[in-house]
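**Q** Using the hints, build the complex out of the two chains.
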Amino acid sequence: MSLERHRNILDYTLQALLRRKFKNIGIIIVFTSMISILGSIIFLSYSFKREATLILNASPELIVQRVMAGRHDLIQISLMKDILEIPGVRKVEPRFWGYYYDSLIKANYTLIAANEAVLRDNRLLKGRLPDPQENNVTAIGKGVADARLLDLGDMFSLQSADGRWIEFKVIGVFESESDLLTSDLIIISTRDFKSLAKLPDGMATDLLVSVRNKVEAPTIAKKIKERFPDTRPLLRDEIIRTYDAVFGWRSGLILICFIGALTAFIILAWDKAMGLSAEEKKEIGILKAIGWETSDVLEMKFWEGLIVSLTSFLTGIILAYLHVFFLGASLFAPALKGWSIIYPSFRLAPFINPYQIATLLAITVVPYIASTIIPSWKVSITDPDELMRG
Amino acid sequence: MKIKSFKYLRKSTLFFLFIVLNVAIVVVLLIKSGSILSEHDNLRKDLEEIVRTLHLTDMVLSTDARYTRHPTQSDLFSAFQDYPGSIEHFPTGSVIAPPDFTSIGTFIKVHKFQRSATTGEHR
Numbered sequence: 000m001s002l003e004r005h006r007n008i009l010d011y012t013l014q015a016l017l018r019r020k021f022k023n024i025g026i027i028i029v030f031t032s033m034i035s036i037l038g039s040i041i042f043l044s045y046s047f048k049r050e051a052t053l054i055l056n057a058s059p060e061l062i063v064q065r066v067m068a069g070r071h072d073l074i075q076i077s078l079m080k081d082i083l084e085i086p087g088v089r090k091v092e093p094r095f096w097g098y099y100y101d102s103l104i105k106a107n108y109t110l111i112a113a114n115e116a117v118l119r120d121n122r123l124l125k126g127r128l129p130d131p132q133e134n135n136v137t138a139i140g141k142g143v144a145d146a147r148l149l150d151l152g153d154m155f156s157l158q159s160a161d162g163r164w165i166e167f168k169v170i171g172v173f174e175s176e177s178d179l180l181t182s183d184l185i186i187i188s189t190r191d192f193k194s195l196a197k198l199p200d201g202m203a204t205d206l207l208v209s210v211r212n213k214v215e216a217p218t219i220a221k222k223i224k225e226r227f228p229d230t231r232p233l234l235r236d237e238i239i240r241t242y243d244a245v246f247g248w249r250s251g252l253i254l255i256c257f258i259g260a261l262t263a264f265i266i267l268a269w270d271k272a273m274g275l276s277a278e279e280k281k282e283i284g285i286l287k288a289i290g291w292e293t294s295d296v297l298e299m300k301f302w303e304g305l306i307v308s309l310t311s312f313l314t315g316i317i318l319a320y321l322h323v324f325f326l327g328a329s330l331f332a333p334a335l336k337g338w339s340i341i342y343p344s345f346r347l348a349p350f351i352n353p354y355q356i357a358t359l360l361a362i363t364v365v366p367y368i369a370s371t372i373i374p375s376w377k378v379s380i381t382d383p384d385e386l387m388r389g
Numbered sequence: 000m001k002i003k004s005f006k007y008l009r010k011s012t013l014f015f016l017f018i019v020l021n022v023a024i025v026v027v028l029l030i031k032s033g034s035i036l037s038e039h040d041n042l043r044k045d046l047e048e049i050v051r052t053l054h055l056t057d058m059v060l061s062t063d064a065r066y067t068r069h070p071t072q073s074d075l076f077s078a079f080q081d082y083p084g085s086i087e088h089f090p091t092g093s094v095i096a097p098p099d100f101t102s103i104g105t106f107i108k109v110h111k112f113q114r115s116a117t118t119g120e121h122r
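If you're matching them up, the sequences are chains A and B in order.
Just so we're aligned: the first sequence equals residues 0 to 389 in numbering that gives the first Met the number 0.
Just so we're aligned: the second sequence equals residues 0 to 122 in numbering that gives the first Met the number 0.
Don't take each hint at face value.
[Stated by the list, open to error] Here's a subset of chain B near chain A, in silico, CB distances under 10 Å, partners left out:
id	residue
1	9
2	15
3	38
4	47
5	109
Everything labelled a hint here was simulated from the structure, so no lab data went into it.
Quick reminder that beta carbons are idealized off the backbone N, C-alpha and C, glycines included.
One chain only, chain B, in its complex shape (with noise of 0.2 Å):
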């Protein structure tokens, strides 16, 4: 028998064709994704043991600066804590969240800028 080229085929059909293949290798890949875990489930036994023995703490995602090679073993502050009026300046601290200090309830208040009628200085 011989097969119709794709220049004959109906377009519905090449675009059913299209999304079939499309959602094939998304069952593909999660096949694969489960594998991959299954295989991960084993070498996670290792990484705790790892963790348990050395007692970690932190995942190495950043090793710049200490704050951020240990986000949870470190100050409140100690994103300016380097050296007397240092900035902060590791890319890295822009994308670690400052702690939710929402339930402390502080606000900056900001006044309006008056001068004083009797001698005229700022206030």
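For reference, chain A alone in the conformation it holds in the complex (with noise of 0.2 Å):
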């Protein structure tokens, strides 16, 4: 009978509420939208920190850079000798790459020499990697690869630094599962990249450290920052971190752009919510003059709340899903994209934390019953003779 009693005022409640249709409607469709747009920034933002940290963890322990008049410069190989005799270091081994503008398209690609002639059967990489002293070969990018219409075996040039043209045959091509890693990447030769670059001999782009116990990582940064004063050492974790402060930054940038929009549905719930119209203090009135019960009253004000906010809020997480894993944050990309000519296709894995779905439901769906509530406490209270006079 109980149960009865509350479907009974809950059926009421719907019946109030489609008698104003067009401004409950309103409502739920600002509230939505408000919910997609938090839940999208918060999707997008964790999916791409968890990304990074999981991916950047096998990038390298420890770079060594050389910095000459405050920019980053070529780094002697002769150092690999004296940095490989400080306690705790395992390997160093040197790094070639850099970049390549294409004027054909107005692209800046990433050159990186292979040192190893790896992934043989990795499923992201069609085809192979060139051999270190292959010459004349190259692997490229899902964006390179579209952008240039190219696909394995097809031959392309690139400029050297000389002006002469070098051809390239295409041995591999990168699957776009691994674009947000290597879209705009063409790997060369080791040999071939000294050729195009014109790289003086006995120099690289920078030094990679190899450590023996990765808690020494950073004190063997310290010796080497003492030891050579110009070069830069850089920690894997400042790598994921500087990742972090990225995503934290765009997604509270993107969450500014949208502050606007929420002070105006904050201002329209408050103001909905804290004052009632005097059609509703009368309905109020007669429903306690029927003899409905100051509890019933506030039973029917809480299920306005929950109708409302909890609509909005379920709509608005699969909005915002749907959003950032089928639509690949499409309304956020102009921000994130820049001028880039070649970028990835976002195919982010959907990373979810539940503690931020429980703090947005927080957030949202109690403050919004709890405004419902407190000003229909305080006219219920009063006598309904008043209330129905006005």
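**A** Right under this line is the structure:
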């Protein structure tokens, strides 16, 4: 019987909401879009952060770069011997990489020299990587392949530092699933890289240092800095921290863009909830006059808040999920893309943090219900006769 | 048995059906996420292999300038390094955070504008 009573009150509440359907549907639409935007920002930044932390854990432990007059410069390979003498250092190897501006399509590529010809059975690479001593072959990212309409076996040319055009045969293309890492890459052999960039002998872009115990990495970085003051050691932890900061900033910036809309909604909800209209006061007066208890009126208002906020929350969260993980966060893409010509297709893994969803629920649904009930409680303890007279 | 038309259902029943439908969609999406993530776990081994082999340090989020392509490899002042007097013009530069300088504790001081009583010069 008791359950039936609650259902009757819910039936009445829904009927009352339908009586003012344009106003209430309007509130639900605005509330839903606010939640879907907030939810999208949460999903997007959390997925990026998780993906970056997981993948970049495999990045080099310690990179040593040379700084000359405050700018990144080529480093002498001979330093490798001195760094190797530092206790705790396991291995030091040179890294060759740089950029290539393609004036044909006005895009920047990242050139990387392959040190080792592995990735033989990698599912994300169609074909293979060039061998370190192999000439005129390349493996390219999907973004480069799409921009230059290339596929396995095709030829394309790059202009070397002395103006010569060097032809390369495409022997590998990265699959689009690896776009977030490989979209703009052109992998060539070390020998080709040196002749393309006219790299002086005995120089490298930077040095990679492997340590025996990763806990010692900061100490080794400090020692390198002390022994070679013109170098800049970069730790893996710093790389991961950078991405944490980048995504925190990006999501914060997108949030700022929507802060105006969010404030407008808060004002709308506040205005609607805090002051009951004369019609609503009269309705409460009539209900009390025909025998409704104060608790019944409060229950009705509780249902009213719950219907509006829960409907908006569930719909908003579903829309946010679809927007980020099915539509590739298309609303936010312009802010993230910048002027990039080659840009990865977003295929984010749907990492979801239940704690963040619970927080979103707590900061949207609960205050809305509370701000609907509190003013009604004030009205419902007033004399019905006074309420009906207005 | 004849199924009741939606028109004759109580409004509360319709509301509960709507909420149940939404919750079901959320549950389906969560299950789908789980399956995508487990598939992604397999792919991640390949991604990690690529990162390890090519010694990658950055994700391809923007390719418009070298300091937005490799934020971890650039200098602290990299947003202004293209050529002398160049202002930072890439939109991506506005969504990459500047370094944290709070520990340095520097402040910009603005002094009150004063006119010298004896010479009348601005100070």
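**Q** For every hint, state whether the structure bears it out.
**A** Outcome of the hint check:
1. 9: Holds. Min distance 6 Å.
2. 15: holds (9 Å)
3. 38: holds (9 Å)
4. 47: Because about 4 Å separates residue 47(B) from the closest Cβ in chain A, which is inside the 10 Å limit, the hint holds.
5. 109: With Cβ-Cβ at 25 Å, over 10 Å, it is violated.
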